[in-house]
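Protein chains in written order, with the numbering used here: chain L, 1 to 586; chain C, 1 to 586.
Pairs count within a copy or across copies, as identical chains cannot be separated in the list.
PhoX-like mimics (lysine-lysine), calculated; alpha carbons at most 25 angstroms apart, straight line:
1. Lys452 / Lys3
2. Lys126 / Lys508
3. Lys158 / Lys260
4. Lys452 / Lys495
5. Lys305 / Lys397
6. Lys146 / Lys158
7. Lys508 / Lys570
8. Lys146 / Lys261
9. Lys3 / Lys158
10. Lys146 / Lys217
In case anyone wonders, no lab produced these hints; they're calculated from the structure.
Keep in mind that this is a model prediction, so the values were computed, not measured.
Number of protein chains: 2
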Amino acid sequence: MYKTHNNGELRAQNINTEVTLSGWVQKIRDKGFMIWVDLRDRYGITQLIFDEERTPKEMMDKASTLGREFVIQVTGNVIERESKNPNIPTGDVEILVSKLTVLNSSLTPPFTIEDKTDGGDDLRMKYRYLDIRRKPVRNNLVFRHKVTMAVRNFLSEKDFIEVETPYLIKSTPEGARDFVVPSRMNEGQFYALPQSPQTFKQLLMIGGMDKYFQIVKCFRDEDLRADRQPEFTQIDCEMAFVEQEDILNTFEGLTRHLLKKINNVEIGDFPRMTYDEAMRRYGNDKPDIRFGMEFGELNAVAQHKDFNVFNSAELVAGIAVPGGNSYSRKEIDKLIDWVKRPQVGALGMVYVRCNEDGSYKSSVDKFYDQDDLAKWAEATGAKAGDLICVLSGEIHKTRTQLSALRMEMAERLELRKADEFAPLWVIDFPLLEWDEETNRYHAMHHPFTSPKPGQMELLKTNPGAVKANAYDLVLNGNEIGGGSIRIHDKETQSKMFDYLGFTPEEAKAQFGFLMDAFQYGAPPHGGIAFGLDRLVAILGGQETIRDFIAFPKNNAGRDVMIDAPAAIDKEQLKELNLQLTTKLQQ
Amino acid sequence: MYKTHNNGELRAQNINTEVTLSGWVQKIRDKGFMIWVDLRDRYGITQLIFDEERTPKEMMDKASTLGREFVIQVTGNVIERESKNPNIPTGDVEILVSKLTVLNSSLTPPFTIEDKTDGGDDLRMKYRYLDIRRKPVRNNLVFRHKVTMAVRNFLSEKDFIEVETPYLIKSTPEGARDFVVPSRMNEGQFYALPQSPQTFKQLLMIGGMDKYFQIVKCFRDEDLRADRQPEFTQIDCEMAFVEQEDILNTFEGLTRHLLKKINNVEIGDFPRMTYDEAMRRYGNDKPDIRFGMEFGELNAVAQHKDFNVFNSAELVAGIAVPGGNSYSRKEIDKLIDWVKRPQVGALGMVYVRCNEDGSYKSSVDKFYDQDDLAKWAEATGAKAGDLICVLSGEIHKTRTQLSALRMEMAERLELRKADEFAPLWVIDFPLLEWDEETNRYHAMHHPFTSPKPGQMELLKTNPGAVKANAYDLVLNGNEIGGGSIRIHDKETQSKMFDYLGFTPEEAKAQFGFLMDAFQYGAPPHGGIAFGLDRLVAILGGQETIRDFIAFPKNNAGRDVMIDAPAAIDKEQLKELNLQLTTKLQQ
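Extracted from the complex, chain L is given alone in its bound form (with noise of 0.2 angstroms):
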C-alpha cells in the first residue's frame, strides 16, 4: 500500500506517530517560509505542513511546485495543529512532512474540485471522473452502495434469491422501443435488450423460485425526456402464490426498511388511495402528499349562475393556496401566465382573495356572491389569508392543470421538503389507458397485469372502467414503484392479447413460449419493480436522478466523455450482413 492510514483517519490521539498518506493536492497555501498542502482522498483531508526550521530545502522546493490535483504520497510525523480546524475530523493535527513523492503530475483541471465547482453540466459530463472526485458527487455514489447494499440484505434476510436473467433477448415491438443487437452467429437476427426482465420473472415463478429479486439495468429505446437515460437500474421482484396485499405488505416492509437505515426516518401504516380518489383529489396518479392544497370540486357550487365558463366545464375545481392572499395583483397575474403557459396550458384562471375579515373577493365578482365564495372556501379548506384558485374545463385536462399549479405553488412555498417522506400506496390502476395517436386501448401497465376478479366481462362494454389488480408506491409525488398481480392462466392472456389487437399468430411469435409455460402449473403470482435511480435520488433528497449515476448520458442518449455512440468499421458492419442507409459517417 501506498499509505498507512487514509486523509479521514487522523486524530489527535495519532500525534507523534510517524504515517505515510497518500491523494491528490486539494488546496496549497505557500508563505515562502511555510507551505501548507490539504491532501485528500475518498475518506477525508488531511493538512500537511512544510517550514524552513524543519524541513530540507530540497524538500521546500519541491513543495512549492506542487499544483492542483497533482497525486503525492507523504511520510512524516503527526503533529498537533496551531490553529485546528472544528469543520473537519482530522482538524487537530497535521503531517510535518519528511519525505515527498510526486506519484503523478497533473494538468490544472478545468473546473475546480470543490462542493460548489465553477464547471458547468457539459464539462462536468466530458471529465467526468473529476466530477467524481468532488465530495457531493462521491457521496451520491456511496450512498447509492449503501441502498443498494440495504435492499439486498433485507430481501436476502427475507428468502428472495436474486436471480441474473439475460441480458440478450428478444425484440417485442409492444410498449416502448427495444435496442436491438445484430447476431453474427445467426444471420439476419437481432437480440433486444431488455426494457425489464417481466417475462423472465413470470417464467422463474412458474419455475418455483418463489421469491425473485434482481437489481438489473433495463434499456428504452425512448426520445429523452429531461432526467430520462436510455440504461437504467430496477429492483425488479416478484412472488408466487401471494395476492396484492402481500405485495404491497413486503415492499412497504422494504420500503420502511430503507427510510429508517438510510434516512433515520420511523413511518408507520403507509396510506392507501385508489386511483380514482388520487386523480379527485390531487389530479396526479402520483401525489405528493407531503402538503395539503387538495381540489375542491366546486361543480355544485359554481354552476348556477350566468358565468358560462363554469356552467359549460366538465369540471370546475381549486385549491386554497396557504397564505396566498398577500400576493399584489401583479403577483395573481404572473400566475395566470403561469397556468396559461403551454406547457401547462389552461385557458384563464378564477381566483378568490379569502380577506383575514372573513369577506371574499374575487375575478368574478360579478357572478358570485358573498355565499357562493364561502361555499368555495368550504370546499378547498380555505381559511382567511388564502387564495382560492380555480381552473375548469374538460375533466383530465382541467385536473391534471390543477396539479402542475398545485405542485408549483408548493414548490414557491417550500412546502416539498428534502428530508421529510411521505409514502403513498395508489391502487385499483385502470387496466388500459387510451391511446389518442393510436386511436385505441393500450395496457396501462403491461399486458400481463390481471383485471380485478369478475372484470373480464366489462371489457368488451366500457373498457375504460375495467380495473386492475395494479399499484404503484409514490414518494414525495415520485412513482418509485410500480407493479401487479399477473395473469397466470393461458386462456386469460390469450383474451388480452386479442382484446390488445394482437393476432393469435403475432401473440405466439412473441410470447408463445410464456402461454405454453402458463400450461405447465403457473402458481398465481404477482411483483412490483422499483426504479432505483430514482428511489435513490429521492432518498437522498434530490430528485434529479443524474446526480445517482456514475457515468449517465445527455439528453440525446450521448456519453460525452467517452464520445459514444461513434462510427463503427465497416467490417464489422459487413460481418453482421448490414449495411446503413444514410451516408453519414460513413
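For this one, chain L is given, so just place chain C on it according to the hints.
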C-alpha cells in the same frame, strides 16, 4: 398468502395444528381407499393424505383427478405419519386434507421433474422453467445467490463501493469482437456492449473511488466453444494506491472467506508460482495442484543415446502416472491413441513401466538401459508400480500435450476431487503473446497492463521476455480470476499502444478519454476480475457453468426457450437507418 407454511417447514411439533400449504403435485399414490400426494415447493416436500374414512367422498374424487405438476392449495391438520420417512425433514408428519383447491392444472411435463430427469439437454433448455423446478438446478441458483451475497458483503465491509458502469459504451476493435447496438438518435452510429468495465473502473480510480467492485454482465461476440456464453458475469474489482502484493492479499482474503463461508473449508496462505514455473512444472498456466504428476524434464537424461525422436526434440518430458504399471498393453495402446487424437496432437508416446521389483520395462528398451530409466523415474518422481509417460517435441506443444495427458489421467484416477480446494496464484505473466494469425505480438492480458519495472526497454530487443505485473487466481485447475497493475501515465500508455500497432490517431479515437484522464492526476492502481459463473460452479463442486445460469444460451448463442435472436420488423430497421445485406429472414 396462499399458504401458512412452506413445504419444507413442518415437523413433529406442528402436529395437531391446522395449516394451509400450496405447491406442485410431485407424486401421487392412489390406492383407491387412500391417496397420498407429495406436495413440492422451493423449500421441500410435504406429504398429503386423503383416505376413505376421514375424507369426504367428493374430495377423494377430486384428489384422484390430480396430475403431476398441478398447482394446488390445501388446508388440513398436521398428523403423525404411520411410516415415517427419515430422508426428508418433514418425514415425521403428513397433512390430513380438509380443503383442496386446484389453482392451476398442468399438461404432462415433457420430462420428469426429478433430481435425475429423463430430459435431454435440448428439451431441458426449451422448457427451462420446468428444469428450474428440479432440485439440482434450483439449488444451483440459490447457491449462486449465496455466493454473490457473500462477495458483496465481504467487499462492502472492506470499504469497497459497488458502482454501476454503463452498458451502452463504445466499440473498440482491439481484443475480442464486440456486440454492437445501433443508435436511432445518433444516425449511423453504434454503441457497443462492454466486454468488461475495464476503462470505466480505471476512470473511477482516477476519480478517487479508491476501492471499487461490481458484479456485472459482460459480453463477447465470439464463436462459442463448449461452455462459453456470449453474456457472462464478472466480479470486477479495482483499487488505487496499491501494489501487486496488496491486490493479491485482498482477493486471497475474499477467496478464503468464500471457501470458509460457503464450503466450510479452511485454507492458509495460497501458494504462488510464476507463469514460467507453472509452464515448466505443469505445462499449463492454470495448473490443478490437487494432485501431483508434475512434469519431469528429461532432456539431460534422454538425449545421450541414439533415439532420434528425443535427440531432435526441443523438450523431452514425462509424468509418472500413479499405479499405471497395472495397465495392460491394450490399455496403454489406447492411451497412446488418446494422445494422438487431433485434439491433443502428440505424434506418439514413450512409456516406462516401473515394476514392483525396482526394474523398468520401457517401449524404448532398444535405446535406454536400466540406469537411464532409473534417472527418468527420479526426474518424474515415479515409484514402483507407476507408469512413466513421455512426450517430446517443440517445447510449448509438448507441454500442452503432456498437460492434457496429466489432466486426463487425473480424471480417470479420480484425483480431481470436487470437495477439495487448491487455490494458486500464478504471477509474472508475460506482457505479450505471439499471435500466429496476425503474425505479431498482442497484449496477453489487455493493453492497460503495466510491464515489470525496468522492462520497457526489453520491448525493443526481446518482447516475448517482458514480464507484466499480471496475475491469475487459479482454483482446481480453472482460472477463476485475473488482473494486473495498470499503466497510469500517459507516456507509458502511448508507448504501449504504439508497440501494439495502434496509430496515434487510432489510440486517440478509441482511448483518448483514458489518456486525457491520465494527465489529471491518475493514481497508481490495479485490480482483478473474477468469472462469477465459473467461480460459483467450482465452489459448487462442478465445472459446467451452464448449470449455474438461470437462462443460458446454447453453443449457437441462441436462447431456445424464447427463440432469440429473431428477425425484427422492417420498420425497426428503417428507424435505425439499416438494411440487411442478406436475404435470409426478410
